Structure formats: C-alpha cells, structure tokens
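There are 2 protein chains.
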Amino acid sequence: MTENSTTSGERAPGSVPDPAGARRVLIVSAHPDPRSLTASLTGFAADELRRAGHEVRISDLYAMKWKAVLDADDFPSRPAGDRLDVMAASEHAYATGTLTADVRAEQERLRWADAVILQFPLWWGAVPAILKGWLDRVLSGGFAYGENAKPPYGEGELAGRRALVSVTHGAGSPSLAARGIHGPLPELLFPLQHGALFFLGMSVLEPFAVPDAADLDPAGYRAATAGYRARLAGLFTEQPLPYRRLTDEEYTRELALRPGRERPGSTGFGLHLR
Amino acid sequence: MTENSTTSGERAPGSVPDPAGARRVLIVSAHPDPRSLTASLTGFAADELRRAGHEVRISDLYAMKWKAVLDADDFPSRPAGDRLDVMAASEHAYATGTLTADVRAEQERLRWADAVILQFPLWWGAVPAILKGWLDRVLSGGFAYGENAKPPYGEGELAGRRALVSVTHGAGSPSLAARGIHGPLPELLFPLQHGALFFLGMSVLEPFAVPDAADLDPAGYRAATAGYRARLAGLFTEQPLPYRRLTDEEYTRELALRPGRERPGSTGFGLHLR
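The listed protein sequences derive, respectively, from chains Y and G. Each step along the first sequence adds one to the number in full-length UniProt numbering, with nothing skipped, and position 44 is 44. Each step along the second sequence adds one to the number in full-length UniProt numbering, with nothing skipped, and position 98 is 98.
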C-alpha cells in the first residue's frame, strides 16, 4: 500500500470544474489508521471532487470516535426503566428532536449532501462494526423507517441523492466475482446498497472495489486511483442500479414481488433489479 | 413481546436429558435490553439446553460492555507509530499471545464449545454493530484467517462444531422469503453463515427466525418458542447446510468454483451449496 500518489496535473475528462454543476458530497470513511488505504482513497476522492468544484465533507468515523453501539443512551429523554423498544424509542426521539447530537449531525449531513460515498474495508463480507453502528444509529426510526417515515424503497428521506459504495478487500477479484467462494461482491453489498441506501430512496451506483488491498504496490495504487477517478467523474451522471421501486404494481401488500414481474431466470436478490 | 413464558413441565421429545450426549453450548446474544425478545430467547435456549443435560455459557455482549470497534488498542504490544495493518497486527498478536484479554477469552469459549448459537435482532439486514465488532475482533488473524491459520471453508479452527443463527426481525415473513423485497433471509445471512462460521470450519444449520418481532403477542411468543424448542432439540443431530468445502476439485486456485460443479440453475451464493 502506498500513500496518496495522485499527480495534481492529471485530470480526467469528467472532473473539469463546472461551477454550474457544483454539488455537495459526504464521504463516510471507516478505518482505524489515518495512513491506511481507506484513508488514502478518502483523501483522493475529496481532492478529486473539490477540484471538480464540488463541496466535500468527510465523516471519518474513527477520528470522530463514533459511538458504534446503539443502546439506551441514544434516547436520553426516554422514561427511565422502560423496556427499550428500539423502533419506538428512536421514532419518538426523532419526532421530538431528542436524538443525541452526534446522530442529529449525521442526519443533517445526509440531508445536506447530493451524494454520499461510503469508503471502508470489507471485513467478514460486510462493513466494519463502526460503520454498522453508524447505520444502526443514524438511520433511526422516523428518519429512515417506521410509520412516520417516508415510504421505503423509492420515496425515502434521501430520495434524489446518489450513493457510491467504495470498498477495499484483501481477497483477490476472482474470489468475489460471480463464481467466487466468498460470494459475488454485489450480493454481499445488497443489504447495504438495496436494504439501506435504496430503502431511503437514494440512487445507488455500482460499487467501486479495490481487490488485493493487503499487497497493493505503487503501481497497483495508481491503477486503483485511476479507476476511482473515472467513477468519481461519473458520480452525478452514471446510470444507477435499476432497483425496483416499491409500488402496488410490483409488490404485494406483504412486500413480495408479484408473480411474473422478474426478468426471466432471475432469483433471490436479482428479483429486485428491473 | 412477552417475557420468557416457558413452562418447565413441558419437554420436547429431543430434549430428554442424556448425560452421555451432554455437550457444551455457547450463546452469543446481542440486544441492549435484558427484557428484550432477544434476551428472552437466549434465556429460553439456555434453559432448554441445560434441561437436556448440556452445559451452557452465554456471552451477553451488551451486559459485557463488549468493545465493538477494532482499533490500535486491540494490539497493545505493537510498536507505537507503526501503520496499522489489521491482518498483520492481529496475526502477530495471536501468535505471540498478546491479543487483549477480552478477545482471548472469547476465542477460548469458541474452542470450548461444541455448538455456538448467535442470537440477535436483524438490523439493516445484518447483525447489530456490537456483534459485528465481536466478529471483527474475535475472529482474528492466525485464529480465523491468514497464512498461519488453518485452511478456510472446511478445516478451520472451529471444525467439528455446530453453529445456529437465531434472529428476530420486525419485518413479516413474506418480505424476507424467496420473493421478499428485503431479500431472502438465507441470502442476507450468507456472509455470516458461510463467509464467517463455515469459513472457520463450523457445521452451520438452517437459521431460526422469529418474524414480526415488534408485534409479538403472548400466543406468538409461545409459537416462537415452540419452534425454537424443536430446533434446539436438533442442535446436534440436524443435517447442516451442504456448503461446499474448499478443495482443489471444487475450486480454482483463485477460489472460483470450477465450471460445471454447480447444481443446474444455481447462481450467486447458491453455487456454494452442494
């Protein structure tokens, strides 16, 4: 792994500054070491996006000492001694503006952003605990789910915003490809990309991945950032994943896909792609 | 949701005490409230298994104030100032016996156990952050993965042990069934069941799930525990999921399934089931 080796003279076609097209991007980054590949890619993305005229904020969860564990302290206005029903407690705290300040700040950043990038290493096929704790706590009742939230899978609180999942992983590409033993990366990311980001209404792009992350040499890092640069240039123009919106036409009241709606031969997670 | 309402006079056929068949079971439980459905099911399982003559230990992660976030403090013997390479640092700490005491204790409990039950609410299609942090930290380099660990997917450190994932979720069953919008539960659990538990060599059973967990009335709780009782009775006799072992015959050196090995029509995660 090398440090950020981008040459500031280089610029990809899509990243030419265009004040008219300036947008706001939130990068949520999760690695314990500020010299990690994750941190380098976060810095690289911020530089690229700023040079393209965008405004960038970074939620560096480790640097923020983000509280990962959702517990009773998240709902300080809750009557002491009540059994903790997470959905009810978070819906009530959201409605009364009594979620903790760290959670409210992240919800504001999500609303502020036109695009959100999640940058993390894939640990056990999923996000690190600190980022899972960001999802568990920030995507609260009322904001993200429950009867008082906007309808999921299409019209959620974050509708109109874009999402890009950017992961590094120690495994080689073939082991996370269609026939790979760890499972295809898009399927591993389905709960995050579809079940959380699209659930809140975001337009989710194909994930960006850097494989063999433990053994990346300078040439490998340059190749990775070149690939990332192209994806960042398309952040607001790429076609999002064609997830199926939750409508009566598509899904039953029990939230199962109606018979015959799927593309021929698709099963499992694939049913929910148009 | 009701509290544990098991009647001690009831006993399912499979749970008759049999000292000759006494085994050791570790339950890892993750919910912030000791009066939660999760906690009730953990208590129910412990009672059932003890009445059947088994020895039970419980890792109640919230009660233990489990440290969820993997960081530099996990490797106290690491040279200060070194960049944190998680794999290298955890492999070294494992090899030198310098992992933190909490992590070493959980690794010992896993080795002690003949079966492990993970009991948790499904949050955003996955384990709560505190349980993700248990996986991230306890399944360290050397113990779980890396060149010095036992070979994955078949012969790992926990080979010969059984694993049962027991989840509660607020969604209704159809939304997590084959055509459900949240994705089929077995696919959501694949990274955990296959990518972590089977990765370490465990024999993984079909998951046990309690749907509609937010609205469970006493009758619903009785039905849930009746179903759970049957599964617990089969903990050591049920046929495990037929995950494919990592052998040269089945997989390439790049860990992709060889052409033609799959059952006809299977794709994605399904390729890795015999």
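Just to be clear, a hint being listed does not mean it is correct.
[Claimed, not checked] Straight-line C-alpha distance at most 25 Å; calculated BS3-like pairs for lysine-lysine: (1) G:65 with Y:65; (2) G:150 with Y:67; (3) G:65 with Y:67; (4) G:67 with Y:65.
Keep in mind that the hints were calculated from the coordinates and are not lab data. Note that this is a predicted model, so its numbers are computed, not measured.
Hints the structure violates: just list their numbers, smallest first.
2
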